[in-house]
Each structure stands twice: as structure tokens, then as C-alpha cells.
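Enquirer: Residues per chain are reported as follows:
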Amino acid sequence: MLKISRITCRILVLVLAFAAIFAATACAGEKAPVKDFDFAQTKTFMREMESRPDFPVSLMLANDYAYSLPALGDTIDPVRKSAIITYVKSVQLTNGGFVGDKASKNASLLYTDLALETLTYINATGSIDAGKVKAFVASLKNPDGGFGFSQESKGSSLATTFYAVRVLKTIGGLDLLDRAKTTEYLKGFEKKEGGFGFVKGPGVANAKNTYMAAFVLNTLGSLDDVTRKNAVKFLATTPYLDKQSKEQPELNEQFYAIKALQELKAADKVDSKLAMAFLKKIYISVNGGFGPLEGYGSTPDSTTTALRILVEIGKLKAPTK
Amino acid sequence: MRSKNKFIALTMVLVAIAMLATAAPSLARTTPPPSYKVVAWNDLGMHCACPTFAGFLLLPPFNTIRAQVFDASGRDPILVTSANASSLGLTIGYNMIDNSDALNQADPYFQQWITYSPKLFPGFQPVVNGKVMGIAGNGLSGTMAYDSNLLDWTAVGIPAYPLVQADTTKNVMTDPLGGPNRNPYPMTNVFVKNSAGTVLASTNTVTPVAFGGCCTCHLPLAGQNGYPTTPTGSFAYLGKMHGTNSSKIDFNYLDPTGDGASGPIRCSWCHWDPAMGESAAPGLDKVWPNYVIMPGATFTKANVVVSKYSFSDVVHRFHSQSTKVLTQFDANVATNCYDCHPGNNVNCYRGTHKAKTTIWCVDCHGNLNQRVAAGQMTQPWKASTLPTCTSASAGATPAFACHATSAVGGTTYPASPTLFGKFINGRGHKGSIKCQTCHGEAHAEAPSTMTLDNTQLSAMQGSTSYSFPAGKDKTYALGVCNYCHSGKTTTWGVPPHQ
Chain A
264 MLKISRITCR
274 ILVLVLAFAA
284 IFAATACAGE
294 KAPVKDFDFA
304 QTKTFMREME
314 SRPDFPVSLM
324 LANDYAYSLP
334 ALGDTIDPVR
344 KSAIITYVKS
354 VQLTNGGFVG
364 DKASKNASLL
374 YTDLALETLT
384 YINATGSIDA
394 GKVKAFVASL
404 KNPDGGFGFS
414 QESKGSSLAT
424 TFYAVRVLKT
434 IGGLDLLDRA
444 KTTEYLKGFE
454 KKEGGFGFVK
464 GPGVANAKNT
474 YMAAFVLNTL
484 GSLDDVTRKN
494 AVKFLATTPY
504 LDKQSKEQPE
514 LNEQFYAIKA
524 LQELKAADKV
534 DSKLAMAFLK
544 KIYISVNGGF
554 GPLEGYGSTP
564 DSTTTALRIL
574 VEIGKLKAPT
584 K
Chain B
2 MRSKNKFIAL
12 TMVLVAIAML
22 ATAAPSLART
32 TPPPSYKVVA
42 WNDLGMHCAC
52 PTFAGFLLLP
62 PFNTIRAQVF
72 DASGRDPILV
82 TSANASSLGL
92 TIGYNMIDNS
102 DALNQADPYF
112 QQWITYSPKL
122 FPGFQPVVNG
132 KVMGIAGNGL
142 SGTMAYDSNL
152 LDWTAVGIPA
162 YPLVQADTTK
172 NVMTDPLGGP
182 NRNPYPMTNV
192 FVKNSAGTVL
202 ASTNTVTPVA
212 FGGCCTCHLP
222 LAGQNGYPTT
232 PTGSFAYLGK
242 MHGTNSSKID
252 FNYLDPTGDG
262 ASGPIRCSWC
272 HWDPAMGESA
282 APGLDKVWPN
292 YVIMPGATFT
302 KANVVVSKYS
312 FSDVVHRFHS
322 QSTKVLTQFD
332 ANVATNCYDC
342 HPGNNVNCYR
352 GTHKAKTTIW
362 CVDCHGNLNQ
372 RVAAGQMTQP
382 WKASTLPTCT
392 SASAGATPAF
402 ACHATSAVGG
412 TTYPASPTLF
422 GKFINGRGHK
432 GSIKCQTCHG
442 EAHAEAPSTM
452 TLDNTQLSAM
462 QGSTSYSFPA
472 GKDKTYALGV
482 CNYCHSGKTT
492 TWGVPPHQ
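Residue numbers (the working numbering), protein chains in the order written: chain A, 264 to 584; chain B, 2 to 499.
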């Protein structure tokens with residue numbers, strides 16, 4: 264009896280040992296993706312712009328910096344935070360809109376949205392005059408329910424309407440919207456296969472425009488179930504969900520596919536493993552950055568987008584509170 | 002007494018003749034001296050080429066190699082020019098190492114060039130007697146001509162092309178069409194031969210040529226608008242977009258040769274592009290007088306006129322201001338130069354500026370918004386709109402100080418610099434040595450971040466008898482006097498720049 268017990272014990276110990284090894288391996292597998300990236304190097308790469316006397320250089324790079332460092336677990340020191348605020352304020356024109364850099368003269372909704380997003384990351388949205396921003400957005404409102412890009416390019420598009428809605432949401436100005444008209448305008452971009460494209464009529468949907476449309480429709484409370492399901496169906500055909508897809512994945516589209524699924528209340532369908540596999544392919548071990556496509560070099564913009572993906576799939580902490 | 006004087010005089014004359022005879026090689030050489038030096042480089046540091054040519058042409062396979070040759074047998078070297086090369090029986094030649102007539106003609110992308118280039122350049126023959134030719138008449142190997150204005154030996158318009166090499170380690174460039182990677186840094190051997198065909202000196206230089214990033218956005222753009230995500234689909238949509246601008250010309254409906262088929266067209270027929278060697282756009286009707294506008298077009302021949310805008314202007318301005326580009330592809334296109342210029346694992350900006358600081362293209366050239374605002378593109382590729390070592394281009398706001406005027410002092414420029422900037426055309430040391438001879442090619446200035454660029458200087462300054470101060474090595478700009486001046490110091494330093 265005792266002998267059997269010993270054997271049983273030994274078997275039990277062995278089983279437990281194997282189980283422990285298996286569990287450890289499994290855990291390691293869970294963590295492995297993040298270990299594939301040298302984030303210390305990524306931080307150094309993103310911090311390169313600090314050495315420039317004209318830091319933060321441009322609105323886009325300010326945005327990259329303000330997002331990336333907190334996402335990588337770093338804090339932005341007060342001097343640089345102040346430099347970012349000063350820069351953002353310097354690219355707001357008298358009409359309330361923002362330009363992308365100091366050389367530009369035409370304020371647009373694109374850069375206005377980018378400016379507000381940047382300030383949000385550093386909790387400084389109060390540093391600009393929201394009333395002027397709202398007036399700028401109002402000046403670009405069109406009778407078709409959409410919004411134009413700038414005073415120089417007033418035609419509506421899905422993207423510019425998205426930026427307008429996001430800006431208004433940030434500054435608490437959604438009352439400016441004509442919900443029925445804007446919904447009708449947005450629906451014109453829906454494709455018969457599901458999802459949204461950036462032009463009305465023929466053409467194919469993509470993840471970015473699907474996300475932008477879903478965001479606007481959600482904000483307006485106009486996202487119906489059929490539209491939602493069709494959009495998810497479309498996203499299922501993209502290389503971000505379909506493992507058999509022959510299409511070459513692209514960084515921005517990967518990000519917007521995830522964001523779109525979240526807006527479409529289908530976050531459970533996000534394929535984190537596929538996203539990680541893609542990120543590994545575009546990771547540049549030489550400098551810790553990420554490229555926009557497999558085989559391409561890294562830039563601050565593409566690296567920031569990769570970090571956004573890592574945040575969205577829970578591998579990094581979101582930079583905002 | 003008189004005969005004694007005569008004897009002395011005769012003796013002196015004979016001694017003088019004997020002395021002259023001993024010293025003869027430096028005064029009136031008739032045979033080549035034993036020591037020549039040749040330094041070669043590519044004029045720009047990168048040339049773009051397209052993977053397809055059936056729709057339209059941005060730039061042809063066109064690469065220019067330049068070289069300076071010195072007779073370094075004496076203490077002070079003598080620049081070999083067309084005049085003394087001829088008297089010495091010297092030939093300066095080149096031979097591409099990684100491109101060959103057979104390889105280029107077997108490449109499916111280059112085959113498109115062979116097919117369509119006669120339509121793009123009427124009268125041009127891309128292959129002559131089995132040899133691939135460039136539009137300036139130079140092939141993949143040949144002799145170099147002396148440019149008495151720029152004081153260097155030149156082979157203009159070599160049809161270099163990024164190929165898939167058997168040595169796959171060279172294939173670093175991503176093919177935007179999904180094919181295998183290609184080699185964007187093929188090498189060229191430049192040599193000096195005597196009249197017997199003996200190689201007296203030779204060197205290898207990078208001959209960079211790569212695909213830009215156009216396809217990366219334009220293929221999905223076509224797809225998003227209902228066109229096939231292929232070069233053909235992309236050209237079709239581009240033509241449609243072009244038809245919506247003020248020109249009204251959808252170039253899909255242009256049949257230049259009247260053979261019933263659309264295209265191919267060359268942008269510089271209507272948009273002046275000095276990079277094509279033209280001082281003005283010729284106009285389609287001058288190139289193909291019997292061109293046809295195909296049925297279904299919504300424009301007429303009255304619309305097909307020479308544009309007042311240069312090609313550089315329309316391309317840069319459109320991309321920096323298009324709401325589609327900014328909202329759908331890249332809000333930061335004004336500073337992300339690699340969106341269009343070769344960055345796809347090629348990273349054409351690779352010189353010492355990149356290695357030492359965070360200087361980016363825009364610091365020297367200005368970002369797209371600055372370039373447009375300053376009117377740079379009205380005179381593209383000209384010294385007047387390009388940066389120098391001491392100042393950035395007009396409109397740019399560099400974040401870093403340029404080189405002090407005194408440090409570059411004495412640099413001379415030819416009266417007619419033709420194309421390109423002062424670094425590319427300028428001369429410093431002794432008034433005859435080109436900036437690029439010592440510093441390497443533009444955008445890859447020594448020491449380059451790419452090893453291949455540094456191989457030439459490493460070989461030149463690789464002698465174990467040479468020494469370098471702390472922080473410098475053989476990859477730095479040519480600074481060992483002894484390399485050219487026998488008997489002078491073997492320690493690296495900064496030579497006089499005038």
C-alpha cells in the first residue's frame with residue numbers, strides 16, 4: 264500500500280512538474296509578444312526628436328511624442344510638456360482652426376482634431392479657446408450634413424466629417440450637428456458588401472473609413488444593427504481578421520480595423536494574435552521602431568501607430584487616464 | 002682663350018642637356034607615369050526608377066557617374082583632363098558590376114522599359130546590338146567623357162536598374178508590387194586604362210537606383226475607388242483624377258502613337274522637368290504630331306497644352322495640399338519624404354548628417370509646405386533652389402546650424418552649373434578638386450551610415466601606415482594628404498578647402 268502510494272506520489276509529482284512546466288510555458292507564450300520588442304530602444308527612438316532645437320517640430324510629431332512616451336511607461340517632463348502646449352497654441356490661427364506646421368497658412372479640421380488629441384494626451388485641452396475652435400468647425404458645416412476640410416477646400420467628405428464630429432465631441436459642441444442630415448450623408452459612403460469607403464458610389468470599403476463612419480454614427484446614436492453587422496462582415500474579409508487573406512496588411516489599416524470593431528461593438532472579434540504577428544514583421548530591431556509595411560523603415564508616425572495597436576490589444580497601457 | 006671658352010660653354014650645354022634629360026619625366030612625359038588615382042561617385046546619391054512603364058513615365062532608368070582622375074606620381078598630383086589623357090593615351094571607363102546586359106534584359110520590369118521606351122522617347126532604341134542603352138547614349142559599360150565645365154569624367158544616363166540579385170544579401174529593397182526584394186545599390190567599377198588596355202587604376206562606387214513609395218498609396222487608392230489594385234488600375238484612376246483638375250485631361254484617353262492603344266505617356270511632355278534634360282516641356286503635339294484622343298474623352302486637343310507648372314511643382318504641391326492625401330494616407334506627408342522618395346528599406350538619405358544628428362531632409366530642403374510657399378519648385382533641380390553647405394534652401398527653417406562660411410571658404414562653382422546644387426557642382430581644394438571627390442556623393446556624405454558607400458574611401462585610406470585622430474577613421478572624407486601627395490603626412494586632417 265505504502266509502495267503504491269509512493270509510486271502514486273512520484274507520478275503525481277511528475278504530473279505536477281509537467282503541469283508547472285506547461286503552465287510556465289503557456290504564461291511565457293502569453294508574455295512573449297511584448298518580449299519580442301525592445302521597448303527601451305523604442306523609447307530612445309521616439310525620444311530622438313528631443314534633441315532637436317525646434318522640438319516638437321510639427322503637430323504630428325508632437326502627437327506622436329505625447330502618445331508614445333506614456334504608452335511606453337515614461338512620463339513627459341514639464342519642460343517638454345510646456346513646449347508641446349506652446350507649439351500647439353502657436354499653430355492655432357485666428358479663425359480658431361489649426362495648421363500642421365508653422366509654414367502652413369490654411370487651417371483644417373484634420374489638424375484641429377490632431378491638436379485637440381495631442382492636448383488631451385497631456386491633459387491640457389484647457390489651454391486653448393474652445394469657443395474659437397467651435398466657430399471654426401461651424402464655418403465648415405455644409406448643407407449636405409457633412410463638413411469641409413478647410414476654408415480653401417470646403418467640400419464634404421467622410422473623413423472631414425469624422426474630424427468635425429470628434430472635435431465637437433472633445434469640446435462639448437455636439438449641439439452643432441444636424442443628426443439626421445449628417446447620418447444621411449455618412450450612409451452614402453456605405454458599400455454594398457458592408458463597411459465604408461472614402462468615396463460615395465463604386466469602390467471598396469476600408470477599415471479606416473469604416474471606423475470613422477462607425478464613430479460618427481455611434482456619436483449621433485444612428486448606428487443601426489444592419490449597418491453594424493454588415494461592417495463587421497466586411498472587416499472579417501480583411502487580412503486583420505481573415506488568416507487566409509492574400510492582401511498585404513498595412514499598419515494604419517490594422518489599427519483602424521481594431522478601432523472599428525470596438526466601435527461596432529465587436530471587440531471580441533479582434534484577432535490580437537494576428538495583429539502581433541504583423542507587428543513582429545514590421546518591427547525594426549536596429550532602432551526599436553516600426554515601419555508602415557513589411558520591409559519598410561521606421562518613422563515616428565508608424566512607430567506611434569504600432570504602439571496604439573499594442574495599447575488597443577492590451578499589451579501596453581493607454582496613455583490617457 | 003676663345004676656344005677654351007667655347008669648350009666650357011659646350012660642356013655646360015651638355016651638362017644642362019643631361020640634367021634636363023634626367024628630369025624629363027616631370028616636364029614632358031610621353032609615357033604614363035606609374036601612379037594614378039581615380040575617385041568616382043554617383044551625382045545625386047539616389048535615382049528613382051519605376052517598376053512599370055506601360056501607363057506613364059515619371060523618370061527613366063538614368064544614372065550618372067562622375068569621376069576625377071589624378072596623376073599622383075609627383076608630390077603634387079595633376080588632374081587628368083581630356084587634354085593630358087589624350088597625350089598620355091589614357092581612357093577612363095566604367096562597367097556596372099551588378100547590372101549586366103543579360104540580367105537587365107531578363108528582368109520583367111526592365112523588359113517593360115524596353116517595350117515602351119521607344120514610345121516615351123521617339124527614336125530611342127533601348128537595346129542596340131544586344132546592349133542595353135540609356136537615353137543619353139551610354140550603356141551599362143563604356144567610356145566616360147570629360148566635362149571641362151565641371152572638371153570631371155562623366156557617364157550620363159547609365160540605364161542602371163534595381164534587379165533581383167543572386168546574392169540575396171544585396172536585395173534589401175521591398176518590391177511594392179509584391180515581387181522578390183531587389184538591389185537598390187548596384188556597384189559600378191570605374192577604371193583608368195592605358196593605350197595597351199592595361200588598367201592603371203580603378204575604384205568601385207555605389208550607383209543607387211530604387212523604386213519610390215508611389216505604389217504603396219496608389220494601389221490601394223485605386224482599389225478604394227473601384228479600380229484594380231494593379232499598376233494598370235492605378236494609372237487608370239490617376240488619369241481620371243488628372244481629368245478632374247484644371248487641365249481636364251484624363252490621360253487614359255491619350256493615344257500618343259495612334260496605334261489604338263492608350264499611353265504610355267511621359268509627364269514631362271507637358272510639365273517641364275529639368276531632370277529629363279529639358280529646359281522646357283516640348284508639348285505632346287511636338288513629340289507625337291499625330292496623337293489621337295480616344296473615343297469617350299471629355300477633353301479636346303485644345304486642352305492638350307503645355308502646362309505652366311513644372312512637374313516637380315505639380316507633384317509636390319498636389320500631394321501636400323490634397324485633402325485625400327492628408328485625410329486618407331498621411332497627415333504628415335509634408336515631412337514624411339519617404340512616402341514618395343525611396344525609403345522602402347532603401348533609406349536614400351543615409352549620409353553623415355543622419356548619423357550624427359537628427360537632421361532630416363526638411364532641415365536642408367524645407368518641408369513640402371515651406372517648399373511650395375517659397376516657390377522652390379518653379380526652378381526645380383537648380384542651384385538657386387537647392388541647399389548649400391552653408392545655408393538651407395529658401396523657405397526652410399533648419400533646426401541646426403549649417404557649416405560656417407569660413408569652413409567651406411574658397412569653394413568655387415562653375416559659371417554654368419547646369420543642374421543640381423553647389424555641393425554637387427562645387428570644387429574646393431586647389432580650386433579643382435570636386436566636393437564629392439573627398440566627401441562622397443550627396444545624401445551619402447562620408448562617413449555614410451551604409452557600409453557599401455564607405456568602401457571606396459576605406460580602400461583609399463586603408464593603408465596601415467595611415468593614422469587617424471580620435472573619433473575619425475578611414476571612412477571619413479578624404480583627408481590623408483599622403484594618399485595624393487607622396488611624401489606628405491600620413492595622418493588624417495582637414496585639407497585646405499581652397
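Quick caveat, the hints were computed from the structure, so don't treat them as lab data.
There could be a bad hint or two in this list.
[Claimed, not checked] Derived BS3-like pairs: lysine-lysine, alpha-carbon spacing no greater than 25 Å straight-line:
{"id": "1", "chain 1": "B", "residue 1": "LYS171", "chain 2": "A", "residue 2": "LYS417"}
{"id": "2", "chain 1": "B", "residue 1": "LYS171", "chain 2": "A", "residue 2": "LYS544"}
{"id": "3", "chain 1": "A", "residue 1": "LYS444", "chain 2": "B", "residue 2": "LYS325"}
{"id": "4", "chain 1": "A", "residue 1": "LYS298", "chain 2": "A", "residue 2": "LYS496"}
{"id": "5", "chain 1": "B", "residue 1": "LYS194", "chain 2": "B", "residue 2": "LYS249"}
{"id": "6", "chain 1": "A", "residue 1": "LYS455", "chain 2": "A", "residue 2": "LYS496"}
{"id": "7", "chain 1": "A", "residue 1": "LYS368", "chain 2": "B", "residue 2": "LYS287"}
[What the hints assert, rightly or not] Far from chain A, some chain B residues (derived; all Cβ distances over 12 Å):
{"id": "8", "residue": "GLY94"}
{"id": "9", "residue": "ASN96"}
{"id": "10", "residue": "ASN130"}
{"id": "11", "residue": "ALA146"}
{"id": "12", "residue": "SER280"}
{"id": "13", "residue": "THR359"}
{"id": "14", "residue": "VAL373"}
{"id": "15", "residue": "ALA402"}
{"id": "16", "residue": "ASP474"}
Each residue gets a CB set at the ideal place from its N, CA and C atoms; glycine is no exception.
Enquirer: Checking the smallest CB distance to chain A, is THR359(B) really beyond 12 Å?
Expert: Given that some Cβ of chain A is not farther than 12 Å from that of THR359(B), nearest at about 5 Å, it is violated.
Enquirer: According to the definition I'm using, a residue is off the interface if its beta carbon is farther than 12 Å from all beta carbons of the partner; does ALA146(B) meet that for chain A?
Expert: ALA146(B) clear of chain A: closest Cβ-Cβ about 37 Å, beyond 12 Å.
Enquirer: Would you mind confirming whether the straight-line C-alpha gap from LYS455(A) to LYS496(A) stays at or under 25 Å?
Expert: 11 Å, holds
Enquirer: Could you check that no beta carbon of chain A comes within 12 Å of the beta carbon of ALA402(B)?
Expert: 9 Å, violated
Enquirer: Please confirm whether SER280(B) is truly not at the interface, meaning its C-beta sits more than 12 Å away from all C-beta atoms of chain A.
Expert: 30 Å, holds
Enquirer: Measuring Cβ to Cβ, find out whether ASN96(B) lies farther than 12 Å from everything in chain A.
Expert: Per Cβ check, ASN96(B) is outside 12 Å of chain A; nearest 30 Å; holds.
Enquirer: Quickly compare the C-alpha distance for LYS444(A) and LYS325(B) to 25 Å and report which way the hint goes.
Expert: 23 Å, holds
Enquirer: Hint check: LYS171(B) vs LYS417(A), CA-CA at most 25 Å. Holds or violated?
Expert: 48 Å, violated
Enquirer: When you look at the beta carbon of VAL373(B), is every beta carbon of chain A farther off than 12 Å?
Expert: Nearest chain A Cβ is 9 Å from VAL373(B), so the label is violated.
Enquirer: CA of LYS194(B) to CA of LYS249(B), is that 25 Å or under?
Expert: Violated, at roughly 55 Å.
Enquirer: Keeping to a limit of 25 Å between CA atoms, is the pair of LYS171(B) and LYS544(A) held or broken?
Expert: Given that 25 Å is the threshold and the Cα spacing comes to 20 Å, the pair holds.
Enquirer: Hey, does ASN130(B) actually stay past 12 Å from chain A on C-beta?
Expert: 38 Å, holds
Checked against the numbered hints given earlier, the structure breaks hints 1, 4, 5, 7, 13, 14 and 15 and satisfies all the rest.
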